[in-house]
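Produce the complete structure using the sequences and hints provided.
According to UniProt numbering, numbering within the sequence shown proceeds without interruption in unit steps and concludes at 219.
The calculated label-pair distances, taken between Cβ atoms and stated as ranges, are:
id, residue 1, residue 2, range
1, L83, G7, 58 to 66 Å
2, T214, Q72, 50 to 58 Å
3, H33, L83, 47 to 55 Å
4, V191, V163, 42 to 50 Å
These are calculated hints, taken from the structure and not from any lab test.
Where is the CB? At the ideal position from N, CA and C, for every residue including glycine.
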Amino acid sequence: WYSLLPGPGYEFFSINPYTGLITTTSHLDREKHQQFILTVEARDSGAQPLSATAKVMCFVLDDNDNPPEFMQSWFQVSLPENLPPGVIHTVQASDPDLGENGTLHYSVLGGDYNGRFVIDSLTGAVSITQVLDREETQNFTLTLQAQDSGPGPLSSTTQLHLVLLDENDNVPLFSREIYHASISEGLSAGVEVLHLSAFDPDEGPNGVVTYSLTENSSN
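Next up, the structure:
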């Protein structure tokens, strides 16, 4: 007669008492239990039965049953405009599977405006390929993917939201290059003779315009 002696994980297995065939009783998850050591007893049917035991080591082989998982479902990064091309952020995902099943590759799925962004397929480092101008586009949202290399590859996505911070990189522009005004002789002080307007596309204090007369203005 064959039987399994109590021990860690023995409840996941059963043994045919007549043939000694060992079978599983439930689904095995390698990410929870990588191996089992079972103790099998064989006992004869004599009046004074004798028995012997043997150890059976069961190794659970990996299956590609876990998709990659990013640390967050979305990320937000603020960076100043006019940065030179280079790495601006790194995203990371994890996969508890083994070997190729847990080897990840990163890619940009969406939001890559005119090839301005690239991602290192192995490290997840996101780079800009050109200088970004806040006055042209204030923010970007990239959809990034991590995919494993196993058979029937599994994948997941995250979003990277980029906000460009303003730099004082634009000079004010008058609505005209030259203004003309006719002033009557003897005009009283304080009378409006001309209204000027200028615009600065920068944000906040960088875009506030003040006016003054230069020293070389004619009297």
